[in-house]
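A.B. asks: Protein sequence lines correspond, in order, to chains A and B. For the first sequence, our numbering gives the first residue as 154, with consecutive numbering after it. For the second sequence, our numbering gives the first residue as 3, with consecutive numbering after it.
Derived from the structure by calculation, the hints contain no laboratory data. Note that the structure is predicted; figures quoted are calculated from it, not measured. Warning: the hint list may mix true and false statements.
[Said to hold, decoys possible] Some chain A residues close to chain B (C-beta under 8 angstroms, calculated; not the full set):
#	residue
1	L181
2	I253
3	E256
Glycine included, every Cβ here is placed at the ideal spot set by N, Cα and C.
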Amino acid sequence: MSIGANEEFRPKIVAFCCNWCSYAGADLAGSSRLAYPADVKIIRVPCSCRVNPMFILRAFERGADGVILCGCHPGDCHYSTGNFYARRRMTMLFSMLDYIGVENGRTRVEWVSAAEGAKFSATMNDFVAKVTSLGKNVRLGDLRCKN
Amino acid sequence: MQELINKAKELLANGTVVRVLGWRAGDLSYNPEPAFFETEEDLQKFVYDGFCGANLSKYMIEASKLDGKTLVFLKPCDTYSFNQLIKEHRVDREKAYIVGVGCRGKLDIDKIKEQGIKGIESVEGTELDGPDTLTIKTLYGDKTCSYASAMLGRCHVCKGKEHMIADEIIGESKDTKDAERFDAVKAVEAMSPEERFNFFQKELRKCIRCNACRNVCPACSCRKCVFDSNKFDSAQKANVDSFEEKMFHVIRAFHVAGRCTDCGECSRVCPQGIQLHLFNRKFIKDINEYYGEFQAGADIEARGPLTNYTFDDVEPSIVKERG
Ligand code: SF4
Ligand code: SF4
Ligand code: FES
Chain A
154 MSIGANEEFR PKIVAFCCNW CSYAGADLAG SSRLAYPADV KIIRVPCSCR VNPMFILRAF
214 ERGADGVILC GCHPGDCHYS TGNFYARRRM TMLFSMLDYI GVENGRTRVE WVSAAEGAKF
274 SATMNDFVAK VTSLGKNVRL GDLRCKN
Chain B
3 MQELINKAKE LLANGTVVRV LGWRAGDLSY NPEPAFFETE EDLQKFVYDG FCGANLSKYM
63 IEASKLDGKT LVFLKPCDTY SFNQLIKEHR VDREKAYIVG VGCRGKLDID KIKEQGIKGI
123 ESVEGTELDG PDTLTIKTLY GDKTCSYASA MLGRCHVCKG KEHMIADEII GESKDTKDAE
183 RFDAVKAVEA MSPEERFNFF QKELRKCIRC NACRNVCPAC SCRKCVFDSN KFDSAQKANV
243 DSFEEKMFHV IRAFHVAGRC TDCGECSRVC PQGIQLHLFN RKFIKDINEY YGEFQAGADI
303 EARGPLTNYT FDDVEPSIVK ERG
């Protein structure tokens with residue numbers, strides 16, 4: 154599908170949010186009437202470390218233009234250490250995606266607490282703007298690039 | 003080689019081991035293959051020469067389930083894989099009698115062919131104490147090339163000639179390293195994102211999904227592999243279009259990240275010549291940079307980098323910041 158001059162590109166954004174902090178942060182953003190674009194589809198996970206790197210790849214393969222993972226601040230994970238492991242995994246994954254030539258602005262990790270409704274909304278606004286500027290994700294649909 | 007055969011006979015005869023895991027002659031003179039030997043007679047087919055690149059550690063997973071001890075021959079680089087498998091509880095140290103074998107670099111028949119040598123019938127001088135020059139018998143007469151010019155890529159960046167684990171060592175190893183391990187990764191990193199994407203697209207497009215890289219890998223030893231699950235069509239390989247298929251290379255490399263010893267087997271066996279080490283070494287390089295130098299399989303205690311953390315680890319945004 155081509156994007157016509159007056160047809161605005163709306164990115165598809167997947168946001169994995171941990172149940173205990175970031176999802177509650179999103180709730181607070183909502184109840185505080187802080188807006189963030191409807192392009193962001195939230196998937197609630199029990200903890201940031203529930204996010205297998207393959208979830209991120211799968212989101213891209215299914216058509217996401219950007220994927221963001223939000224969890225409790227380091228040290229505040231409900232399960233003590235989950236986000237420490239998530240942090241290492243995501244660093245490795247994002248670095249690999251960058252290495253194979255996928256624009257690194259399409260992936261992000263942000264720590265958002267339940268009290269940070271404003272941060273949640275600001276983060277999402279910023280991320281959507283970034284991904285919109287990158288345009289449609291074409292590189293990470295099929296890594297073997299047969300098509 | 004005779005020394006190894008004698009050792010095998012001795013240990014079989016005195017009952018220390020009930021089988022031997024080594025290499026036997028293949029259908030061509032330059033493709034010996036891994037094999038189990040149970041009798042003296044079997045051992046007539048035993049070989050150990052420059053083409054015995056195959057890492058036998060992974061076969062010890064099966065051997066660990068059998069009764070009795072197995073004598074296994076491991077080259078210095080293979081011992082890293084064996085240690086890693088001990089750490090992951092995939093092999094039983096008690097079931098193995100490890101003879102560390104000497105190595106002066108292993109050979110790659112394609113490196114000989116690339117030098118324009120055609121119609122190869124056999125290669126001579128490949129044994130451990132052989133000469134520095136190989137003699138290649140071809141349909142068009144004898145040709146020569148230096149041993150080093152015919153070595154596998156991985157031997158040019160060898161981790162070292164020490165065995166990390168062994169009950170005894172037979173044969174001298176030589177230093178073969180003459181290049182830097184991460185140079186190829188750095189060369190890719192230096193490209194622009196577009197160039198990198200085009201480079202990998204070209205490289206990965208060659209993949210025929212034969213699964214050889216996975217099958218040979220000592221780190222890839224899950225009982226049920228995600229690529230074999232009958233929930234996805236990736237197991238059938240032909241004309242598949244599933245997620246696992248599309249993302250095969252990143253998934254494969256990520257699954258062994260932090261556990262890959264950089265043994266080089268994946269790149270050695272790929273029939274399409276895909277440089278799989280470019281993926282594995284990128285992870286190793288990142289791990290070294292962000293979490294401290296780590297060599298999988300150097301010991302059996304150290305916690306793997308992806309099953310560990312510190313409070314002050316770098317944030318994933320480092321990827322963007324480093325540019
Ligand atoms: S990924 Fe390749 S280099 Fe690493 S352990 Fe497996 S076969 Fe060896
Ligand atoms: S060995 Fe090579 S061709 Fe076979 S699946 Fe691995 S990368 Fe693809
Ligand atoms: S519970 Fe929020 S990151 Fe673990």
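A.B. asks: Taking the least C-beta to C-beta distance, is E256 of chain A closer than 8 angstroms to chain B?
C.D. replies: Interface hint status for E256 of chain A: holds (7 angstroms vs cutoff 8 angstroms).
A.B. asks: Are L181 of chain A and chain B close enough, Cβ to Cβ, to be under 8 angstroms, as the hint says?
C.D. replies: violated (23 angstroms)
A.B. asks: Should the interface hint for I253 of chain A be scored as holding, given a Cβ-Cβ cut-off of 8 angstroms against chain B?
C.D. replies: This interface hint holds because 5 angstroms falls under the 8 angstroms limit.
Hint 1 alone, counting from the list given before, is not met by this structure.
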